[in-house]
Amino acid sequence: GAGVSQTPSNKVTEKGKYVELRCDPISGHTALYWYRQSLGQGPEFLIYFQGTGAADDSGLPNDRFFAVRPEGSVSTLKIQRTERGDSAVYLCASSLRGAESPLHFGNGTRLTVT
Amino acid sequence: RKEVEQDPGPFNVPEGATVAFNCTYSNSASQSFFWYRQDCRKEPKLLMSVYSSGNEDGRFTAQLNRASQYISLLIRDSKLSDSATYLCVVNAPTGANNLFFGTGTRLTVIP
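Protein chains in written order, with this note's numbering: chain Y, 1 to 114; chain G, 1 to 111.
For the record, the hints were derived by calculation from the structure and aren't laboratory data. Check each hint, because a few of them may be wrong.
As the list claims (entries may be wrong) - Lysine to aspartate or glutamate pairs mimicking DMTMM-like chemistry, simulated, CA-CA at most 20 Å apart: (1) Y:15 to Y:56; (2) Y:78 to Y:14; (3) Y:78 to Y:63; (4) Y:11 to Y:56; (5) G:79 to G:56; (6) Y:15 to Y:63; (7) G:42 to Y:71; (8) Y:17 to Y:56; (9) Y:78 to Y:100; (10) G:45 to Y:57; (11) G:45 to G:82; (12) Y:17 to Y:100; (13) G:45 to Y:100; (14) G:2 to Y:14; (15) G:42 to Y:63; (16) G:79 to G:5; (17) Y:15 to Y:83; (18) G:2 to G:56; (19) G:45 to Y:63; (20) Y:15 to Y:57; (21) Y:11 to Y:83; (22) G:42 to G:82; (23) G:2 to Y:57; (24) G:2 to Y:56.
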């Protein structure tokens, strides 16, 4: 079946601009995670949704970052006033039930802020 | 203190060698443990879950030591195709029960 889909695969934007990154999880997966990964590092937790609600947003680095999942399926990660330090690969993952189920990752969105 | 800590390596081993990685976690109430594999410029993929009694999948063996709060991954008879970064993943049961990754351990198997 279809896996986790992330769009765009690459995004180049200028410092100060607004970007939206989209994640389409596996159908039926209630849990959705956003991670950010920089070169040579492991994925850094950003936010976790269980259904429509953000169960844990403690990983969002500051208030420029926001994510939604209005219908409990597709999620959008929004970054305002982008900074060069936001450049990374943004990974989305979904799982059937949450932490006790394995994560299935999308291919990621490579964000470059110039 | 980080939720999950790993030795980043790199580990360079000859083909056929046995290699082991450890990972420590900070929350004694954690219940879910996994090893993921990540190839260069690819997304992480589940390698195996780690069960309390330990588990084996072919050449791979995972162990959990709750008393010392670490998990391990043993790879026997290393293949060139095992070259990758191995990520330790642990749940954080306080709050929303989400999942945290270690920084990963880089393995290169040399012919």
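Hints versus structure:
1. Y:15 to Y:56: Violated - the C-alpha atoms of residue 56 of chain Y and residue 15 of chain Y are around 28 Å apart, more than 20 Å.
2. Y:78 to Y:14: holds, 15 Å
3. Y:78 to Y:63: OK: residue 78 of chain Y and residue 63 of chain Y at ~10 Å, within 20 Å.
4. Y:11 to Y:56: violated, 26 Å
5. G:79 to G:56: Cα-Cα ~17 Å, so holds.
6. Y:15 to Y:63: This hinted pair holds, its Cα atoms lying about 16 Å apart.
7. G:42 to Y:71: Violated. Residue 42 of chain G to residue 71 of chain Y sits at ~28 Å, over the 20 Å cutoff.
8. Y:17 to Y:56: violated, 26 Å
9. Y:78 to Y:100: Given pair residue 78 of chain Y, residue 100 of chain Y is violated - Cα atoms ~27 Å apart, limit 20 Å.
10. G:45 to Y:57: Status violated; Cα separation ~23 Å.
11. G:45 to G:82: holds, 13 Å
12. Y:17 to Y:100: Violated, because 37 Å separates the two Cα atoms, which is more than 20 Å.
13. G:45 to Y:100: Distance ~16 Å between residue 45 of chain G and residue 100 of chain Y Cα, so the pair holds.
14. G:2 to Y:14: This hinted pair is violated, its Cα atoms lying about 32 Å apart.
15. G:42 to Y:63: Not satisfied, since the Cα-Cα distance of roughly 29 Å exceeds 20 Å.
16. G:79 to G:5: Given pair residue 79 of chain G, residue 5 of chain G is violated - Cα atoms ~25 Å apart, limit 20 Å.
17. Y:15 to Y:83: Judged against 20 Å, a Cα distance of about 5 Å means the pair holds.
18. G:2 to G:56: violated, 28 Å
19. G:45 to Y:63: The given pair, whose Cα atoms are some 30 Å apart, is violated under the 20 Å limit.
20. Y:15 to Y:57: violated, 24 Å
21. Y:11 to Y:83: holds, 14 Å
22. G:42 to G:82: holds, 14 Å
23. G:2 to Y:57: holds, 17 Å
24. G:2 to Y:56: holds, 17 Å
The structure fails to meet hints 1, 4, 7, 8, 9, 10, 12, 14, 15, 16, 18, 19, 20 from the earlier list, while all remaining hints are met.
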